[in-house]
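Whenever a hint applies, use it, and build me the whole structure from the sequences.
Chains as they are written, first to last, in the working numbering: chain A, 1 to 471; chain B, 1 to 471.
Among these hints, one or two may not hold up.
Here are the simulated SDA-like pairs of lysine to any residue, each with C-alpha atoms no more than 25 angstroms apart in a straight line [claimed, not checked]:
| no. | chain 1 | residue 1 | chain 2 | residue 2 |
| --- | --- | --- | --- | --- |
| 1 | B | Lys409 | A | Gln365 |
| 2 | B | Lys411 | A | Gln279 |
| 3 | B | Lys409 | A | Gly319 |
| 4 | B | Lys450 | A | Glu368 |
| 5 | A | Lys462 | B | Gly402 |
So the derived label-pair ranges between C-beta atoms look like this [what the hints assert, rightly or not]:
| no. | chain 1 | residue 1 | chain 2 | residue 2 | range |
| --- | --- | --- | --- | --- | --- |
| 6 | B | Gly402 | A | Asp271 | 31 to 39 angstroms |
| 7 | A | Lys438 | B | Lys267 | 52 to 60 angstroms |
| 8 | B | Gly402 | A | Glu193 | 46 to 54 angstroms |
| 9 | B | Ser465 | A | Gln437 | 42 to 50 angstroms |
If you're looking for bench data, these hints aren't it; they were derived computationally from the structure.
All of these numbers come straight from a predicted model, not from anything done at the bench.
Cβ atoms here follow ideal geometry from the backbone N, Cα and C, with glycine treated the same way.
2 protein chains.
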Amino acid sequence: MTSPPSLSELLDQVLDRVRPTYQERKRLKRVAVDVIARIDELAQTRKLECKTLVVGSAARNTWLAGDHDLDIFIGMPEDSDLDIALDLARKVALQYEERYAEHAYVHAFFEGFELDLVPCYLVKDAAHIKSAVDRTPFHSQYVSSKIRGLEDDVLLLKQFMKGIGVYGSELRVGGFSGYLAELLVICYGSFLEVLQNAGNWNPGEFIDLEGHSARSHDDPLVMVDPVDPKRNVAAALSLDNMFQFAAAARCFLRHPDMNFFFPPEIKPLSDEELLRSIQNRGSTSILIEFAAPDLVEDVIFPQLRKAEQSIRSLLDRNGFSVLRSDADWHQNISPGSDDETDSDGDKTSVSRGVARIFFELEIGQLPEVHRLVGPPAWKEGHVERFLSCHQELLSGPYLENGHVVVEVKRKYTTATQLLSAQIFDLSLGEHLNHQVQKGYKICANRDLLKTKDQDFRKFMSKYFSAQQKIC
Amino acid sequence: MTSPPSLSELLDQVLDRVRPTYQERKRLKRVAVDVIARIDELAQTRKLECKTLVVGSAARNTWLAGDHDLDIFIGMPEDSDLDIALDLARKVALQYEERYAEHAYVHAFFEGFELDLVPCYLVKDAAHIKSAVDRTPFHSQYVSSKIRGLEDDVLLLKQFMKGIGVYGSELRVGGFSGYLAELLVICYGSFLEVLQNAGNWNPGEFIDLEGHSARSHDDPLVMVDPVDPKRNVAAALSLDNMFQFAAAARCFLRHPDMNFFFPPEIKPLSDEELLRSIQNRGSTSILIEFAAPDLVEDVIFPQLRKAEQSIRSLLDRNGFSVLRSDADWHQNISPGSDDETDSDGDKTSVSRGVARIFFELEIGQLPEVHRLVGPPAWKEGHVERFLSCHQELLSGPYLENGHVVVEVKRKYTTATQLLSAQIFDLSLGEHLNHQVQKGYKICANRDLLKTKDQDFRKFMSKYFSAQQKIC
Chain A
1 MTSPPSLSEL
11 LDQVLDRVRP
21 TYQERKRLKR
31 VAVDVIARID
41 ELAQTRKLEC
51 KTLVVGSAAR
61 NTWLAGDHDL
71 DIFIGMPEDS
81 DLDIALDLAR
91 KVALQYEERY
101 AEHAYVHAFF
111 EGFELDLVPC
121 YLVKDAAHIK
131 SAVDRTPFHS
141 QYVSSKIRGL
151 EDDVLLLKQF
161 MKGIGVYGSE
171 LRVGGFSGYL
181 AELLVICYGS
191 FLEVLQNAGN
201 WNPGEFIDLE
211 GHSARSHDDP
221 LVMVDPVDPK
231 RNVAAALSLD
241 NMFQFAAAAR
251 CFLRHPDMNF
261 FFPPEIKPLS
271 DEELLRSIQN
281 RGSTSILIEF
291 AAPDLVEDVI
301 FPQLRKAEQS
311 IRSLLDRNGF
321 SVLRSDADWH
331 QNISPGSDDE
341 TDSDGDKTSV
351 SRGVARIFFE
361 LEIGQLPEVH
371 RLVGPPAWKE
381 GHVERFLSCH
391 QELLSGPYLE
401 NGHVVVEVKR
411 KYTTATQLLS
421 AQIFDLSLGE
431 HLNHQVQKGY
441 KICANRDLLK
451 TKDQDFRKFM
461 SKYFSAQQKI
471 C
Chain B
1 MTSPPSLSEL
11 LDQVLDRVRP
21 TYQERKRLKR
31 VAVDVIARID
41 ELAQTRKLEC
51 KTLVVGSAAR
61 NTWLAGDHDL
71 DIFIGMPEDS
81 DLDIALDLAR
91 KVALQYEERY
101 AEHAYVHAFF
111 EGFELDLVPC
121 YLVKDAAHIK
131 SAVDRTPFHS
141 QYVSSKIRGL
151 EDDVLLLKQF
161 MKGIGVYGSE
171 LRVGGFSGYL
181 AELLVICYGS
191 FLEVLQNAGN
201 WNPGEFIDLE
211 GHSARSHDDP
221 LVMVDPVDPK
231 RNVAAALSLD
241 NMFQFAAAAR
251 CFLRHPDMNF
261 FFPPEIKPLS
271 DEELLRSIQN
281 RGSTSILIEF
291 AAPDLVEDVI
301 FPQLRKAEQS
311 IRSLLDRNGF
321 SVLRSDADWH
331 QNISPGSDDE
341 TDSDGDKTSV
351 SRGVARIFFE
361 LEIGQLPEVH
371 RLVGPPAWKE
381 GHVERFLSCH
391 QELLSGPYLE
401 NGHVVVEVKR
411 KYTTATQLLS
421 AQIFDLSLGE
431 HLNHQVQKGY
441 KICANRDLLK
451 TKDQDFRKFM
461 SKYFSAQQKI
471 C
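Rendered as C-alpha cells:
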C-alpha cells in the first residue's frame, strides 16, 4: 500500500496535468506571432493605423493545458470605424464564423486553436471605454504586471473551480471568470491562501485591490476592477456558486483530493438506473422537450431559465408543488461541420439542438374537489359576482374567517393535463414560445425511459445525484 | 296551482308553529308559580331571606313553542352563602342533577319542563355583580320593560336564527343568545328591520342602546349590555355566524322561504351516498374516533376544536394539506336514564359518548423523497451539524439561494402513518389526550363505510354539503 500523496505532491500532480507543455506554449506563441504578423502586414498594405495584441490567459501564461483559446484584439483609434478592423480579421481568418458581443468579431479555427479576432478601440483609460471589449487590454496589462511567479497558482485555482463546476462567467454557469481567478490569486497571494480566505467569506464580501472603489454593489462578491473603479469583476457570479466555491475550499483543505480538480465523469443512466431513481423517489417526473432555437448559448440560456420559472410557477400556483427543476440544452453540431450543412453560404453559428426542461413534483395529482376562497361576506356585490361564477358546487357556499368559500370540480387533476392545456399561454421567452408552438413533447415518469439520448441520461444522472462538494 | 304565500302570510305561518299555545303558556305559568311557592314556603320554614324569580324567555313571553325551559333564580343577600339556596333547590327538585357554571345549580325535569334552579346574589346594580348569573335578573327586567308588543318579532328572529344554525351562545355554536336576539329587536324595532339592518353589517358593528359604553371591544359585533356598560352581549358570536346571519337575512328578504325557519332535516348518508361523495371528491378522508370524556359540552367542545387544530397543523406541517376538517361529539345517554345506570348514588351528569374528528386532505400521500432546506452555506458550524444529522441522502447536498439543501427518505409517506405515529405527542387538550391514550380508531376513505352510526352519517351529510344560506 502506498500512502496518499501530501498536499504539495497532490498539487504537483495537478500541475503536471494542467500546465501546458513546453511544446504547447511554443505552438501557441508561434500561432500568435503568425496571426499578428498577417494582420499587421495587411493593415500596412491598407495603410491602416492599428495595434494588434494578444490578451487573455494566453498572454500571461495562465491558460490551462488543452484550452486552445487565443484572443487577439485589433485596436483602432477612437474615431475610426471598427468594421475596418473586422474586415482585416475576416481576410486573415479565411474560414471563420462571425459572432456578436456588443460588436461583431471573428471566430476561427486556426492550426488547432480557437481564435477570436476582436476589434476594439484604443482608449486612454479603462474607465472611459466605448465598448466593453475595450477594457480587456487593460485587464491584460494589469494582470501581466502582477502575476509573474503566481502562474501555477492561477492554474490550480482555475482547475479547482472547473472541477467543482463554478468556472466561467457565461450565463449558463454564473461562475468565476478567468480574470476574477487571477485577481483572487493576486489578492491573497497563492492558491491555498485563496481557498483559506474563501472558506470564511460572507455574502457581500468586498475586495478592492487598488483601494479606489467608486460605487457600491449589491452582488454577493464584490471584486472592484483594478482598471475601472465603478465595475464589479464578480458581477456575474451567483450566490450559490460563490458559496459552492467557499464550501468546497473548506472541504478540500480538510480532505485534499484529486477529485476536486478532476471529478469522475458523469455516466449516462441506464434504463434500469433511471427507472430505479424514479421509483425510489416516488415523485412525479415530467420532461418537456422541444427543438432549441438557432441562437448562441448566452441568448438561449436565460430564456430557458425563464421558461423553467414560468412553468414552475404555473405548476406551483395550481397546487402541483415542484420539488426541484432543471433545464438543459444541447447543440447537435460538431465543430467544423458548419460549412457542410450551411452550403447556402450562411456562416453564422447554427445550433440544431434540443432543449429540455425537467420538473420533479412532490404533487403530480390533485383531488377532484377544489376549494376556492372568495370575497368577505360583507362585500355584497363581490359575493354575488363570485357565486354567479361558481354555480356547480360540490360543497358550499359556506363562510370561513368571514370569507365566502365554495368547493368545485378541479379543471386539471394532473400536472400533465395542466401543462398540455396551458403551456401556450405562458411567457417562455420570445424565441422559446415560438419553438414550443412548432412542437413539443411532454412525458412523465416511466415514459422518460423512451428518451435514449445519452446527453439526457447524463443530465438525469446529474439531476438525481445533485451532489456538490459541501462539508 | 296556488300562489306562494306573501311575506306576511309566511311569517304568520311561522308564528303559528313557534308561538306557544294558550294551554302551553298556562302550563308553564302553573309550574312556575308552583315551584316558586314551594321554594318560598321552604325558605320561610328555614327563616331564610331570599327572593325567587322567573327569568329568561319564559318570564317575558319570548320562548319558542316546544322549548320547555324554565329558569328560576333564587336570589340571596350579598353577604350570605349561596349553598343555602342550593340546598333549598335540591329539596324542592327531588329528582335532579347538579350542574356547574361559576357556582353549582340544580337541573331537574319537572312536569315536562327542564327546570334550572339557580342560586344568585341580589346585587344593587348589574355593573357590580359577584357572579355572572347575578346579571340575569337585570337582563330580565330590562327586556321586560321594553319588549311589550315585540314578542312575536323575537319569536320570528329566534326561529330564523335557529333555522340557519346561528342560535345559541354556547361554545359549540358561537351564535346569538336569546338575550342578544331580544336586544336586536328592541334596537331595530321589528324582525324584518333586524334583517334589513343586519344585511348591511360590517365587522366591528357597534350597537349601544343606552349610549353608555364603557370599554372598547375587538369582537365582530358589539352590543353593549344595557345593564352593564363594560360588557359586550355579543362576545360569544363568531365572525362567521354573524355574517352567516347577515347573508341569510339578505337572501331571505330577496326570496322569502319557509326553509330559512325550518330547514329540511338532515338525512344520514347511506353506504352508497357516502362512497359516492368520497369518490367524487377524490380527496383523502380520515376519521379519528375515540370515547368522549364524561364532561359537559362547554368543556368538551373547546378541547375537541383544539385537538382538531393540533392534528390539522401536524398534517399541514408535514405536507398533508388539509382541505377542511370538522369535529363532532355525541352523548349516548337518553334523558331520565341516569338513575338506573348510576345506582351507586353518583348524580353528576355522565356522558358515555363518542368523539369524532374528521379531516379531508388534498394530499393524503407524499413521495419518498423529502427536501430539507438547511442553514446558509456561510454558517460553517450550522452546516456541519445539519449534514451530520442527514447522512443517508437521496440527493445533495447542494446549494439553493445560499442554503444547504438535502433530499432524504421521508419518514411517513401517508397521513395515516404520520397520525398513528405521532398522535400521542400532540397537545389535544387535557381530557382528550387521556381519552385517546385509552384507545382510538383511525380509518380512511372506503373504511369510513364501516361506521354505521346514524349520527356519523348525518355529520358526513352535513360535512359534504356544507351549504349555508348565502346569496
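How the hints compare with the structure:
With a C-alpha separation of about 20 angstroms, the suggested pair Lys409 (chain B) and Gln365 (chain A) falls inside the 25 angstroms cut-off, and the hint holds. Taking the CA atoms of Lys411 (chain B) and Gln279 (chain A), the gap is about 16 angstroms. The hint holds against a cut of 25 angstroms. Our distance criterion of 25 angstroms between C-alpha atoms is met by Lys409 (chain B) and Gly319 (chain A), whose separation comes to about 22 angstroms. Restraint check: the Cα-Cα separation between Lys450 (chain B) and Glu368 (chain A) comes to about 24 angstroms, which is no more than 25 angstroms; the hinted pair holds.
Restraint check for Lys462 (chain A) and Gly402 (chain B): satisfied, since their Cα atoms lie roughly 20 angstroms apart, inside the 25 angstroms limit. Distance hint check for Gly402 (chain B) and Asp271 (chain A): the Cβ-Cβ separation is about 37 angstroms, which falls inside the suggested range of 31 to 39 angstroms. For Lys438 (chain A) and Lys267 (chain B), the hinted distance range of 52 to 60 angstroms is satisfied, since their beta carbons lie about 57 angstroms from each other. Separated by about 24 angstroms at the C-beta atoms, Gly402 (chain B) and Glu193 (chain A) break the suggested range of 46 to 54 angstroms.
A hinted range of 42 to 50 angstroms for the beta carbons of Ser465 (chain B) and Gln437 (chain A) is consistent with their spacing of about 45 angstroms.
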